[in-house]
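Participant: Sequence:
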Amino acid sequence: MSLKAAFTIKLGHKILPKTVSVGKFDGIHPSLVAATASSKLFVHTPHRPSAETGGRLLASDIADVSLLNINQPIKAVAVGKMRVASDEHDVVVVGTPTHVLAYDMDNNSDLFYREVPDGVNCLVIGQLGGVDQPIAICGGNCAIQGFDATGHDPFWTVTGDNVTALCLCDYDGDGKLELIVGSEDFDIRVFKGDEIIAEITETEAITGLCWLGEGNKFAYALANGTLGLYEGNNRIWRIKSKNHVVSIAMYDIDGDGEKEMAIGWTNGKVRENFALQNV
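Following the UniProt record's numbering, the numbering of the sequence shown begins with 1 at its first residue and continues without gaps.
Since the hints were made in silico from the structure, they are not lab data. A few of these clues could be false.
Calculated cross-link-like contacts (lysine-lysine; reagent style DSBU-like; alpha-carbon spacing at most 30 Å) [as the list claims (entries may be wrong)]:
hint: 1; residue 1: Lys-269; residue 2: Lys-259
hint: 2; residue 1: Lys-18; residue 2: Lys-259
hint: 3; residue 1: Lys-242; residue 2: Lys-269
hint: 4; residue 1: Lys-10; residue 2: Lys-40
Taking CB as the label site, the calculated pair distances span [to be verified]:
hint: 5; residue 1: Gly-27; residue 2: Pro-73; range: 26 to 32 Å
hint: 6; residue 1: Lys-240; residue 2: Pro-30; range: 31 to 37 Å
hint: 7; residue 1: Ser-39; residue 2: Thr-203; range: 32 to 38 Å
hint: 8; residue 1: Asp-185; residue 2: Arg-48; range: 42 to 48 Å
hint: 9; residue 1: Arg-235; residue 2: Glu-115; range: 36 to 42 Å
hint: 10; residue 1: Gly-55; residue 2: Asp-254; range: 39 to 45 Å
hint: 11; residue 1: Asp-172; residue 2: Met-250; range: 19 to 25 Å
hint: 12; residue 1: Gly-12; residue 2: Arg-235; range: 41 to 47 Å
hint: 13; residue 1: Asp-174; residue 2: Asp-252; range: 24 to 30 Å
Treat the numbers as computed from the prediction; the structure is a model and nothing was measured. Glycine included, C-beta positions come from ideal geometry on N, C-alpha and C.
Work out the full structure, taking the sequences as your base and the hints as a guide.
Facilitator: See below:
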């Protein structure tokens, strides 16, 4: 099916790959966030007045846009709910080579700011099995650390190489989420707590992971242009392209009630993967 742009905005900033996300920071209206090459977070909020500027949040010359000043190179961005279940406000989490920042956009204030000695290469937010609240999980140089909304770290473990991709998935079907970790050593490892319960070796460094939202099926992308799908340890399919996958997301594109996998490629194309209907 053909895709049409919902809106177009002239950014005026160079946006870093794999740092774009959408969140409802007031609990109702969606905002678009993305990291810029100038160590700021671009925040587009067209459906309501922007938050009052001050502190980290800076005004912009572009309508409905504000800039969150990070003051360090941005390596990863994630958006999600981290507070009590009744709180519908999303927070934005930003990873840098030395720190992780969780920011409350609605109140224009830091939720927490913590040093991460191993750096942050990638982020995922969610409730990991065995942890009683949502956490922001940071993948760094061989270390994985999870922070709750207060900045405490109830989860910490290590893996075999630099972490390049993360996702949460109910891998063993127990109703709780396990952590799937991709790294530069070509391995995909599944953690239940700090224990590795599965390990898959691929042909190149892992650059993307995405849970399909049900069962133990997850998509993966490699540095050599490969895109594939696993069900547990079993590979269902894979394809290889001369272009590389920039992002993978699940979304009901055609409005039929079933989510499709949307893939963004380095050649600028966004494709719906029809092969999902057969798995």
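Participant: Taking 24 to 30 Å as the stated bounds, is the beta-carbon spacing between Asp-174 and Asp-252 within them?
Facilitator: 27 Å, holds
Participant: With 42 to 48 Å as the target window, see if Asp-185 and Arg-48 comply at their CB atoms.
Facilitator: 45 Å, holds
Participant: Between the beta carbons of Gly-12 and Arg-235, is the distance compatible with 41 to 47 Å?
Facilitator: 42 Å, holds
Participant: Given the hint of 32 to 38 Å, is the C-beta distance from Ser-39 to Thr-203 inside that range or not?
Facilitator: Hint holds: Cβ distance 34 Å, inside 32 to 38 Å.
Participant: Do the alpha carbons of Lys-269 and Lys-259 lie within 30 Å of each other, as the hint requires?
Facilitator: 19 Å, holds
Participant: Assess, step by step, whether the Cα of Lys-18 is no farther than 30 Å from the Cα of Lys-259, and give holds or violated.
Facilitator: Status holds; Cα separation ~21 Å.
Participant: Do the beta carbons of Asp-172 and Met-250 sit within 19 to 25 Å of each other?
Facilitator: Taking Cβ atoms as reference, Asp-172 and Met-250 lie about 20 Å apart, which means the hint holds.
Participant: Below or equal to 30 Å on CA atoms is what counts here, so check Lys-242 against Lys-269.
Facilitator: Distance of about 13 Å is within 30 Å: holds.
Participant: Using the beta carbons of Gly-55 and Asp-254, state whether their distance is inside 39 to 45 Å or not.
Facilitator: 42 Å, holds
Participant: Starting from the hint 26 to 32 Å, judge whether the C-beta atoms of Gly-27 and Pro-73 obey it.
Facilitator: 30 Å, holds
Participant: When you take the CB atoms of Arg-235 and Glu-115, is the distance between them in 36 to 42 Å?
Facilitator: 39 Å, holds
Participant: Holds or violated: the 31 to 37 Å window for the beta-carbon distance between Lys-240 and Pro-30?
Facilitator: Once the Cβ atoms are compared, 34 Å apart, the range 31 to 37 Å for Pro-30 and Lys-240 holds.
Hint check: no violations occur; every hint is consistent with the structure.
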